[in-house]
Structures are given as C-alpha cells and as structure tokens.
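Chains as they are written, first to last, in this note's numbering: chain A, 229 to 713; chain B, 13 to 126; chain C, 16 to 187; chain D, 950 to 1029; chain E, 7 to 96; chain F, 372 to 490; chain G, 1373 to 1490; chain H, 5 to 157; chain I, 22 to 104.
Derived from the structure by calculation, the hints contain no laboratory data.
None of these values were measured; they are calculated from a predicted model.
Backbone N, C-alpha and C fix where the C-beta goes; we use that ideal spot for every residue, glycine too.
Just to be clear, a hint being listed does not mean it is correct.
Estimated spans, in silico, between C-beta atoms of each pair [what the hints assert, rightly or not]: (1) F98(H) / I17(C): 39 to 45 Å; (2) R8(E) / W690(A): 46 to 52 Å; (3) S102(H) / R72(C): 46 to 52 Å; (4) M16(C) / E435(F): 48 to 54 Å; (5) N251(A) / F98(H): 41 to 47 Å; (6) P663(A) / Y40(B): 32 to 38 Å.
From the derived model, a few chain G residues whose C-beta atoms are all more than 12 Å from chain B [said to hold, decoys possible]: (7) L1398; (8) L1403; (9) P1439.
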Amino acid sequence: MVVASLAFVEFLVIILARDIYLNGLHIYTLGASSPNLAIPENYIVPVRIILEVDSISIFMAIIAATVSLAAAIYSLSFMKGETGQNRFYTLLLLLVAGMFGMVLTGDLFNLFVFLEIASIAGAALVAFRTKFADTAEGGLKYIVISTVAALMVLFAIGIFYAQYNLLNIGALAHVMQYTMLDKIALVLLAIAFMMKLASVPLHMWCPDTYSVAPAGITIMLVVASYACLYALFRTCFTLYGVSPDMVTVGWIVITLGMLTMFVGVTMAVFQTDIKRLMAYHCISQTGYMLLGIGVGLAVLNRPEALNTYGIAAMDGGIFHIINNALYKGLLFLTAGALFYRTGTRDLNRMGGLAHKMKWTTIFYIIGALSISGIPPFNGFASKLLIYESVYRFNPILAIVAMITSILTLASFTKAFYSAFMGAELPEYQEVKEVPKSMIAGMAVLAAGIIFFSLFPGLIVDWLAHPATEALINQGAYINGIIGGG
Amino acid sequence: MSILGLSYSPWSPIFWLLASVVVMIMAYFFRRRGQKKYKKDTEQTKIFLCGEEVPEAKQRHIRAHNVYWGFFETMKEYYDANIKAHTGIINDYIIWFLVLIAISAIILFIVGIV
Amino acid sequence: MIAFLATAFGTFLLYLLLTTASGPLFLWSKEELIIGAIFALIVAAIVRKIFPAENLRLLNPKRWFLLLAYIIWPFFPAMAKANIDVAYRVITGRINPGIVKISPKLKTDAGLTMLANSITLTPGTLSVDVDEETNDLYVHWINVKEEALEKMPRDYKYICGEFPDWARRVME
Amino acid sequence: MIELGVLHIIIPILIVVCALLVAIFKDLIAAVISLAAMSLLLALEFYLLQAPDVAIAEAGVGATITVAIYILAIRATRRE
Amino acid sequence: MRKIAIAVSLSIFIAFLIATAFLIHPFGYPPSEMDDYIIENTQSETGANNAVTAVVFDYRGFDTLGEATILFTAVTGVVMLFRAKKKREK
Amino acid sequence: MILDIITYICIGIGCLLNLLAAIGLHRFPDVYTRLHAGTKCTTFGSILLIAAVVIQSVSVWVAEGLSSPQSVLTLHAVIALVVILLTNPTSAHAIGRAAHRSGIKPARAVVDDLEKEKP
Amino acid sequence: MTQGTPFNVPFLAVAALIGIAFYIILSQRNLIKLVMGLSILASGVNLFLITLGYREGGVAPIYTHAPAGVMVLPVPQALTLTSIVIAVACLALMLSMVIHIYRHTGSTDSEKSRIMKG
Amino acid sequence: MMSKIVRTMASLLILFALIYGLYIIMHGHLTPGGGFQGGAVVASGVALLIVAFGSDNIHKSLKEHHLSILESSGALIFIGLAFGGLAIVFFYNFLVGSSIFGHIPPSGPNTGDIWTAGVIPFMNIAVGLKVLAGLSAILLVMALATTVMEVEE
Amino acid sequence: MWLPVAIFLAVCATIILIRLFLGPTPPDRLVGLDTLNTVVVVSMVILGAAFEELIYVDVAIVYALLSFVSTLFIAKYIEKGKF
C-alpha cells in the first residue's frame, strides 16, 4: 500500500519533471482560478499561497521520491515484528509530504509549516522503537534542534513581513533592499538552515539522531536535511540574489563547508558504532555540497569567474546531493541490515559477516567505493567536478577536499574490515541473508548508483545543470510571480 | 552522453571500464603463468603463525577500535579536543548555534561597514 | 429522557443567549435557531453520560425562583459584608483562624456544592475539604469564636448562618 | 489614547517579568505556574493588540492544554 | 568556558534583537499593501466578516492544511510513543 | 446621568476591592487566609466592575431599541460574570484542599478538625 | 513621542522574551525547563508577529458590530494562529519524549540522562 | 478524582464548555474564533473531565479510536472541501453565492449573518473536529500513560 | 472612562505578581495565579467596553472557563492526586 502510493508519487514527480525541464517553471496558485485573482490590478502583490516549481525544486523532489520509495520497500521487512506499524507508515508518508512541501512551495511561511511537518514526523519516527533506551534521546535532540531552527526561521519571516508586507519568495526578492534588518534575517535564516542540515559546528545532533533511528528512516532524515539545504540555497540565491554581501556569505559557507568536511571525516574515522560512523560521513559529505555551492555564491557577482568555474562548482555540488542521497542511503541500509541480523551497531562486536551476507557485502562495497570517490563510481564524478573547479578558485580548498576523500576511504576500509572481513565469529554462525524486500530496497539505490556512475554526463546535463541555472537565474523566478499577472 | 565535460579533462566511466577490462585481461595472463601446484584444502592454504597454534577466530579478529591506532595516537591532541567538544548535552548544541549566529552576524556587519 | 430533553433545552437557551441580535425573529435569525437546536441535541447526547440523572427535582420552576431569591437576598448582602470583613482584617491584621468541621446533613451533591460555594463567598469562611461519605464540610474559619468549639458536632448555624437551610430548601 | 500607551508598556513588562520568573525558579511547579501567568498576560496583550482570535487561541491552548501537558509530564518524571 | 560562551554570544544575540526592535517600523505603523487588499476585499471575495478566518481558511488555506497535518502528526507520534505501555496494561 | 453616577460608584468600589485583594495577598500569613482575600474580594470586585459595564450597555440598549447589538455585550458580560461566580469558589476550594493535603498547616490555627480526623 | 508607544516597548519585550528563552535553553539542565524555554521562545515569536501587525487606533479585522476606524493587519494573526498550534504539537511530542527518557534513565537532567556522546 | 464539589461543578461547566466551543466553531467567520479556538475550548472541556473524574473513568466511555475516527473524519472533510473547488482550483471557495451559506454580507460593519462565507463554516467545523479530537487524544493518552506507570511502580 | 480602570487593574496584577514571586509554597503561588486570572478576566471585559467592540467579551468568557481547568490541574498535582 505504502509502496504503491510512493511509486505513484515517483511516477507523478517524473512526469512533472519532464514537463518542467521542457517548458520551464510552473506556477500554481491555491484558492484562485489564476494568478490574476491573486495579483489584483492595482497592487502587484501575491495575496494567496503560490506553489512555484522550477528545476532545482523538482531535482530535490526526485531525490525525495526515489529515496523514500527505497526506504518504504526496505522497511517492509525491517519493521516486521514491531508494534504500531500503521502509525509508522502514516508518519513515513507525512515525512515525505513535509519534504515535498518544502521543496515545492514558493511561500516563506508555507516553507516554515512544512519544515515543521518534516521535523515532527522525523522526530516521532526517530523515537519509534521505544524499547531501546536511546531512541527517545535522539528524538528529543532532533525535535529541539528543529524547533529552535524553525522558530528562528519564523522570526526572520516576521522581519521580512514587517518591512515589505509580503510572504512570497519571488515577490520578496523583487522588492528586497538589503537593509540592516535584512542582514539580520539573512543570518538567522542561513544559520537556522545550517543547523538543520548539520554543518559543523552545529552537527552534533546528527550522529545521535541518525544512529538510533530505524535504518529506513535514517535515509529519509538525510533527505530531509537536504531539503533544508535546498531552503538555504533558495534563501541565498533566490531571495537575496546578487548582493555585495553574498561574497561574505559565500566565504562563510565555504569556511563552514571546509570545517564540516574535515571535522566530520576525522570524527568518523574514530567511531566504532557503524551508524555513527556513517552519520559523521554524512556530515562530511554535506561539506562538499556546501563547498561547491559556496564557491558559486562567492563568485556570483563576477560573471567571468562564474562562467569559467563557478557554474561547474555548483554543478558538482548539486550533483553531489543526489549522489550522496543514493550512496549514503545504500550504506545506511546495509548498516541497518547488519543491525537486523546481528542486533548490534558496535563494530567491535562484528566480524566475518561477508561469509553469510553476500548481497549486503556487495551493496556495501558499491556504496563504500562510491562515497570514497573511487572511479568509476558516481562519487568520483561529482567530486572531480568539485575538485577541478574549486582548485581554480583556491587550491588549498581542493587539497583539503582530497584529504577528506582519502580519510573517507580509510574509515570505510576500517568498517568494512571489522564488519565483513576476518574469520567467521562463533556468535554469528546462524546469521542468514536479510529478507528479500530489504535487498530490493537496497537494490533500488544500488541500481541508481550504477546508472549514475555510467552516465554522469547525462545526469549533469539533464538534472544538475538546469538546477544550477535555476538557482543562478533569479530573474526568472521573480518573473514567474510578478510578471505572470 | 556518458562523458562529463570538465575544464581540464573529460571523464568517462565507459572508457575507464574499458581500460580496466584490458588491465584485468593482462592480469589474467600474468596469473596463468604462475605455478600450477596450488591446491585447496591442503596444507598450502592453512594459516602459518611461526609454527604456533593458530588462535580461535574470536581472538584472531582485529577489533574496530584497534584499527588505525597509530593515526589516533599521532593526532591525540586534536581528538581529545574534539571529543571534549562533542559533549552530547543538548544545551551545548544550542550554545553552538548561538555562537555561530553571533560570529557570522558580526562578520557580516563588519564587512558591510568596511 | 427527561434529563436529556432538559439538558438540550438548557443548552439551547444558553446558545440563544450567546447569539442575540442576529436577526429579525425577536432577536435571532432562523438559521441561528436551527443550528442552535442541532447543537443542543449534540451536546445533550454527549453530556447524557456525565450529567447526574438524579437531579430531576431541580427542574421544578419553584426551585429556580427560590434560587433567584436566595441570590438576591441572603447571598448578595452577605458577600458585601464578607468584603467589608476582609477589608477590616487586611487593614488591622487581626485574625484567629482554624479549620472546623460542620455537618449540615445535606443529601445531594448539588446542595453540598451550592453550600460550599456559598460559604466560600460569605464572611469569614472558606470550604477546604469535604467528606465523601457523610457530606461533612471542613471549613476554614478566619475568626474562630471560642464558644463554637465547645461541643463536637459543631453548630453550623453559628458558623455559617442560614445557608445550609437555604441549600436544603433550594436543592433538596 | 495615552492610557492605551501606558497599558502597552505595563503588560509587556509584566510578561517579561513572568518569563524571568520561569528562569529563576528551580522548582518545576513554580515554573509552570509562572508560565501559566505568562500565558495569561500574553493573552491579555494579544487582546490589547486587537487580536481577539489569537487571544482566544492563546487562552485555550496556552493556558489550558499546555499547562495540562506540563503537569502530566512533571508528574510522570517526579522523583519520589 | 561554557559560561563565558553563553554570556558573550547571548549578549551579542540580544544586542541584535534590540537592534531589530529599534530598526523596525515604529510600533503601530506597519506597511500594509497586502493586508489592505485583504481587509477591503474579504467580504466580497469570501463572504466572511472575520478577515482573520478568511485569511486562515481561504487566502492561506494551504497553511491551515499543513498545520492540521502537524497536529495529526503530533497526535500520531504521541499515541505511537505510548503504545507499548498500554499493551502491558492489558 | 444617575446611571453614570452609579457606574462610577461601582467602578470605584470594584477597583478598591481588587486592590484590597492584591494587598490582602501580602498581609495575610498563610494560604488559607490568602484564599479568603483572593477569592472574596476579586469575586465581588468583578461583580461590581462587570455590573458597571452592564449598566452602561443596558442604557445604550434601551436607548437604541430591542434589536440593538448592545445586547451582545450585555449578555456576554453577564455570562462571563456567571462563569466567574461558578468557578472562583470552586477553584478556591480545590486550592485549599490541595494545600491541606500537601501538608501545609494553617498558620496560627486555634483548631484543626481536619488534621485530627485524617492524620 | 508624538506617536504610539515610546521606544517600541512591545518590540523590546519581544527581544527580552527571546533572550530569556535562550538563556533558559542554554543554562538549565533540566529537560522540562528546556522545553519551557522553547515554549517561551514560541511565545516571543508569536508576540512579535502580532505586534508587527498592530496599527495605532485600529480595531480587529472583524466586521461584525465593528466600530468605524482602521483595522489591524489580519495576516500576522492568521500566521500566529498556525504557529500556536504548531507550538503545542511540538510541546506534546517533546514532553512525551522527556517522559520516555525518564523511564529509561531515571533522570530528566540533560547531562545525567545522556547516553550518546562523542 | 477530585472532591465532590469539583465534580459537580465540572459536570455543570462541561456543558458550558461544550456549547461555548461549538458556538465559537460555528461563528468563526463572524466573531473572534474559529476551528482551532473552538476545538481547543472543547478539548479543555475534556481536560476538565479528566482532571475532575480521573482519566480511567473517562477512558471507559471515551476511547482513543473514537477520537481518531473523529480526527480522521475532520481531516477528510477538510481535504474534501479543498478538493471540492478543484473544478476551478484547489482551495477555491466554491460555495460563495450558492444557496448553502452563500449570502454575501453587506460591505462594511454589519450585524453578522451566519448564512455567509460559503465553504468557510464547513472548514471551521472540520478543523474544529480535528483539533478537539487531536488535543483530547494527546491529553487522554498522556494522562493514561502516566497513571499506568504509577500503578506499575 | 474605562481605560484608567484597566490601568488600575494592571497595577493590581503587578502587586499580585509579587506574591507569585515571593510565595513560599506552591499553593501560595497558585492563589496568586487564581487571583490574577480573575483580575485579567475582568480587565478583558472592561477593555471590551473600552474599545466599543461588542464581540471581544468572548475572550473573557473563554478565559474564565479555561483558567479554572489549569488551576484544577495544578491543584491536583499539588495534592498528589491520581489523574
């Protein structure tokens, strides 16, 4: 049932994506027959809520649909035996709804509402397995962080409303004047979204939450944090656009991205809990995206630099989002498979599982090679884009990014060695391969990875590059609202 | 289609795969030139540990926190500071949030004024 | 059934009080009347389980007039007196408190409630606790007179005046 | 309308004082009582700011449901 | 260390909030293009006397849908969190 | 005119009683006596203040005719008054009972029957 | 001041509320106190939204029996309604999680009840 | 369970709370109030019952699945009304001008005709159902869960 | 005519808040809260008359109804009753 509905959603998203890539952005006004009613003749002001979908939105929607489909398939077996399954799937669908609302809406307050939906559903799902002692702690951390971030977002929305009496992103961008208040609002919005997407030093909730959540939920939380990344992009690129402050913001984003990469990966090497290890990797991979986008942001008002390497860096960052959602999802699912069969997340107590769980091992190898940027996998492609363009911007950044990649490989080797290699341990003699639906869930993501690995140019040209164009082209987004009357 | 256009060099996994297939074929040829006396399940495949008894699987397995011991020992100061910062207390998370807001707001305003 | 209808009617009256000045039918419009009737039935259906059915004798209109009379004559002046009393004690700070038990021998909950609320609002007394079986009230008395303490079943007339009789007359 | 201005100064100050009380009380039940008082005064402030809709919502949700949930939670986590 | 961080960052943050309070429009005189439109046209467009309700249910009905969803999510979450306890009761 | 005078008298006494309640909360030594001040004075004070409102609005109502919207203000104020009258003594009773059950003895008490019977 | 309230006092109250809320969140170790801090934070933001919608001498945007005059802005009130319900939903969920933490660890102190770190 | 006086008073005041909540829900488009506020008032009535009679006694006649049916039906009505305007657009107020709640009030201050505002009264009822059921369910579940824990200890 | 009354009631509320602050035991604070409730309800009615808004009194009724519930909850907690 859940899988069918999610598959249907995926189908709808793909149809919508095809339409948008062919015809440009879509506007949908809620509550009036056309934007004309929403935009009265004498005021150029959108009164009603307007959904505005462009390439970057649909890009995130594709990620959300794909990953949630895989998560739902996976959870069919993973959650068997738990009580309260109907509530579990209800919350899962609500989480998907929250992510879709976040990426599709064109209204700031609506963004806040859907942010809260995603946070509350996510937190409830994190705390789902109440029999373990630490799940409630993870859930509480997640919801407290989300609530603080969301309330700061609301405060920033209030500041915008106080100045311009508008809530629509496009219309706000049209009249934005970069006053002092706008700077304060920018700081609040940016840092609040950074907190939700777990950038260092605001990342500490991330391993706590990701490690206790059921595996199928963890990957959806990853995508939910990427929805916040989308919101950050929307804020920086579309709402503020080409303003002199953006260089500073870009450098702040780059600095945080570097910190995120390095601290994330070094902490990951140290971990012995397999899901915490992967959660720290998730943090460090977010750093790549921040780096790529930050470079684009820092050169946004220098057209020649933007054309030579800025767009390539942003392509890389955006391509990395979908790559990371796929292979990080796959890795979390394999970690969940290990937990399903061994009952522990502690790498110290695992060993020799490759003898028994062949499919899991293969999927793990695919994911690990891909995340470490080993050719020919898709992680290599996006990282290569980022390295080359960032090297032109500032060579030191590229070197740190490469070191991060090496350390990533190191830590996954460690996890691979201690979990899968080695002799068969006596306590895991009876371990079997995981059930079929879990394998199917992993296979969906693995197939995606292999496809993306083989055709990176296709993906960049069709998906990532239009998204970048949509981000850079602020005028089109504004025209969709203001000019559409 | 599968070629990723880059500023310095293009990247195509297809060519990479072709190249690796060639390398594998060459490796297979090298392997065929090796000795033919190798047999499974004889003494040739047993673990040899200075003539001592081979310990059980459980003790033979290297545990996860022993991996990269030297690396952690070298970067001990960094890790000590880092682990001290990761307190796991929820109040601290929000302290970091506020600190980051303060820092970035000040940076933004200083740059805006200068 | 009678309780149901009575509740519905009371609710309907309450709804009408809330929605005055809405239309031409005396004070109401016909839509309001219809919606009010529907709501009254809904509320009565919900409340049926909670509202005690024993209070059918309260439907007697004579008791309502008695209640009104009670509120106007002994109750309202007593409240005024209570406030003067409190003002006197606030200014002088002269208190002599204690908790005494009175046994007004009321049978119904409604009567007890009315008595307790009345003595809370009238001079010098405040109901603190109630005995669930015997319907005895424990009253905090701000100015304990020595002569009331002599016999053990306290003289409730001395402590809280006519109110228990009124409560019996109105509610039982 | 100078009186209205005075009210607009007094009530926010009282709200802030209640919030401060929440901060300084160590006893949880006292903190909940201050929170209820803050919610009450907040409803009055909304009323003053000509937002009766929000005042009703704050009265209904902030004063009752919130306090009830807090009391239940404090009760469930009480150390005997 | 933690106390110093709290003090410094909190004071800077409050300084920015107070700056917001002084920079924002004077109390009682907000800009109001969109809201004037709503106040004028509520009765003719939606038929509701109460403009707030008109905004909640008509102009921004999608927000209300989301908000109802949030309440639903919270109820589902709370009921889900306490589900095991109730089994033990039986 | 005479209604205005009555209104002013009501307002004056009502305000005074509310102030008295506020001061009484500080002058009295323990919970029970404070409840006396807090319940009686505020209840009667609110009766008078709401009566002032009702008098004014009824005068307008009578002046404007039966279907005047002033009836809304009058009746709602009366209902608010009734609700206050019903809830205030009850909550005072609940507080007193809670205070006694949580072990707070009445200060300077000469007699405590409740303490004797329920140890 | 010729107009309105001097010094934007309600806005300053908002600033003070948010500051106090963050002080509670940062310094109080009790999880229930932390949730109270979040509650105050939500109240502060709500008050901010309502305050910026106020118009001097305005009446509520309700035409039923309304006196003549300008009306205050309706949209912030609608937003605040939404925000209040969101706040109470969050609150319920957070407190249930606190109860669960207490059941598993026997403490509501954020340091003592912590399991995960590092 | 609280004392007899509180119980009697609660059973009287629940009537007030219910009818007043319904009044607020129904008059959402005329007077201050609406679905949320009225739902919160009715849920407070349930809270009053819980505190006066004890959650066990309430749970005998008010189960969670009743509340969840109410809540789901509220949500369905709301979404159904939103889809009702889909002939033109999502969330279109399709009842304005029709015979059901279709009057258009006179412009400017008026006395308030309840037969106005099209789809908004129905949405108020739907949201009111949803909010009252949701908040009551939260309170009931939390009260029951905390009480059960005490019995176990 | 009405607004000075409201200011006076706000001053009363301030004095009551001091009791809420000082009150040595929880019931003392609860008494303060209860008194504050009544004062605020009355001032809501007064302000409704002051603004000449006939429909504002609804808020006062709601508050008078609901503050009772919260008082009962806190009182029940103080007397350690079973919910």
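Structure-based check of all given hints:
In this structure, F98(H) and I17(C) meet the distance hint of 39 to 45 Å, their C-beta atoms being roughly 44 Å apart. Separation of R8(E) from W690(A) is about 50 Å and conforms to the stated range, judged on CB atoms against 46 to 52 Å. For the hinted restraint 46 to 52 Å between S102(H) and R72(C), the CB-CB distance of approximately 49 Å keeps it satisfied. Between M16(C) and E435(F) the beta carbon distance is about 42 Å. The supplied range of 48 to 54 Å is therefore violated.
Checked against the hint of 41 to 47 Å, the pair N251(A) and F98(H) fails, with Cβ atoms roughly 29 Å apart. For the hinted restraint 32 to 38 Å between P663(A) and Y40(B), the CB-CB distance of approximately 37 Å keeps it satisfied. Listed as a non-interface residue, L1398(G) fails to keep its Cβ farther than 12 Å from every Cβ of chain B; the least gap is roughly 5 Å. Listed as outside the interface, L1403(G) is inconsistent with that label: its C-beta sits roughly 8 Å from the nearest C-beta of chain B, within the 12 Å cut-off.
Look at P1439(G): its CB is around 44 Å from the nearest CB on chain B, clear of 12 Å, so calling it non-interface holds up.
Going down the numbered hints, you'll see the structure goes against 4, 5, 7, 8, while the others check out.
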